[in-house]
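Work out the full structure: start from the sequences and follow the hints.
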Amino acid sequence: MSFRTLRRLTLLIGTAALAATAGPPVLASNLIIGRAAEQSSIDPLFSRTGNNESTSEDIFDRLVENDANNQLHPALAISWKAVNPITWEIKLREGVKFHDGGDFSAEDVVFSLERSRNVPNSPASFAGATAGIVEITAPGKLTVQIRTARPLPQLIEQISFVFILSKKAATGLSTADFNAGKGVIGTGPYKFVEWKPGQSITLKKNAGYWGKKADFENVTLKFIPKDAGRVAALLAGDVDLIDQVPPTNAAQLKADPKIQLFSIGSTRLIYLALDSDRDQSPFVTDLAGKALAKNPLKDTRVRRALSLMINRKVIVDRLLEGSGEPAGQMVPQGLGGYDASLVAPAQDLVAAKKLLAEAGYPQGFGLTLHSSSDRFAKDGDLAQVLGQMLSRGGLKINAVVALPYNVYATASTRRDYSAFIFSFGTTTPNAAIGLSNVLATFDKDAGMGTFNRARYSNPQFDAALKRSLAEFDDARRIAALQEATRLAFADVGIVPLYWPVIHWAAKKGLVYEPRRDEATLAHKARLAQ
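First residue of the sequence shown: 1, per the working numbering; consecutive thereafter.
Bear in mind the hints are in silico, worked out from the structure with no lab data behind them. Any given hint could turn out to be false.
[Claimed, not checked] Straight line, CA to CA, 20 Å or less: simulated PhoX-like cross-link-like pairs of lysine-lysine:
| id | residue 1 | residue 2 |
| --- | --- | --- |
| 1 | K222 | K507 |
| 2 | K258 | K508 |
| 3 | K466 | K444 |
| 4 | K141 | K97 |
| 5 | K353 | K298 |
| 6 | K298 | K396 |
| 7 | K294 | K396 |
| 8 | K524 | K508 |
| 9 | K97 | K167 |
| 10 | K196 | K182 |
| 11 | K222 | K524 |
| 12 | K524 | K507 |
| 13 | K167 | K141 |
| 14 | K141 | K91 |
| 15 | K196 | K222 |
| 16 | K196 | K226 |
Nothing here was measured: the structure is a model prediction, and the numbers come from that model.
Here it is as structure tokens:
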């Protein structure tokens, strides 16, 4: 039975029942979501990327959950407090059951946090979540104690990314085991049924869920990477909800009386990363295409020149058709650490060429741009546009290469690229997580710079960031975050491009609350009341 038929049936039964005693709501049976990006693994701690996390959030819970506006709320944890500057106590929710009927306890939290430290071959590690943590213990069935090496006032935000697994079900399992369907046991609103790689994931409602129950009994996450394919599937009635609606189609779908469009400004920064670390970089050449002995991207003047070559307003207005906001820093207005003095740089080709000449490259140099092709709306097109802008600014663009995200992310973690487009979505109330992961000097043991694939390093920035991470006073912490932000972006640690506006579209009668973290969550899809 289709969503549409069930919706009519729901309305008829609801109308007939008005004169009778109110009973439980009639729920739809099947929901089909057309998703742009497939997860790379069912292991919830394998990769901290949006496509993986969207799938995991329907099956697993976290200690705290973020709402549509990035505010944190209790989930498996009901309270937390600092016993002293380096010791935290977390109280857990009572009566929670795993999908296999097992009791949720503190031991599961300890196991999950420890496992998140080191999942082999992760392209986007969760290790940063436990940075600075010395010891995790379970002094009681529903009590977790965490001891840190230094004061971590934002600890609960830091560990909020970690999904909680069943220790009993997951002990000894590898990522390959999870991908084969073993141990995929959470406490979330849906139970895992089946994954057909390249096609779909099937979920079943968890009737014993501790929180608000899902509206649908069965869910199919159907992977449709091509934008036109997702839109066509929705218009044909083959799916009920789609994500990553391309800006080109947003107005069309909004005007369709059979469709509802849901939109929100994202906290995801789209940026250009530049290899500012290696003396020689693999895709930097002279004008004849030969490798340069000296990497020009190590020079701040060159990085600033590249930033000035980019017309962010044109990207937002023309490529994104208004679905974005030009960016000059890590997070948009409204999040802690935002600094109003850091506006998006305006294009200035004269200044850019002058900076190149000062750095010793009056004729420019050769560069290859890399990008994903299916991670966010227009990512491949963005790479082409950037290539054209950098070419007009005085560089020789040797090639523009766009790859499927799961391939691209793994290669970028190996540091295969010189100039590459990436993104980071801030899912907490301030900039600390983004700055710590994207711009902090890479330190695997400390869990810093986890997504700093270009290996940017700035000791002054690191010092300001560390001050903010150790500060319990809110005002002083935000001031330190702003100082760190100014230092990193004055040095062009990355080239910020824009924050996108994200669109979802659904059949009439289905409601989806748009989220600033861009997650597409089956349990947040509801029947219209």
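Hints, verified against the model:
no.	hint	result
1	K222 <-> K507	16 Å, holds
2	K258 <-> K508	5 Å, holds
3	K466 <-> K444	16 Å, holds
4	K141 <-> K97	14 Å, holds
5	K353 <-> K298	17 Å, holds
6	K298 <-> K396	18 Å, holds
7	K294 <-> K396	16 Å, holds
8	K524 <-> K508	16 Å, holds
9	K97 <-> K167	13 Å, holds
10	K196 <-> K182	14 Å, holds
11	K222 <-> K524	17 Å, holds
12	K524 <-> K507	15 Å, holds
13	K167 <-> K141	13 Å, holds
14	K141 <-> K91	10 Å, holds
15	K196 <-> K222	10 Å, holds
16	K196 <-> K226	18 Å, holds
Every hint, counting from the list given before, is met by this structure.
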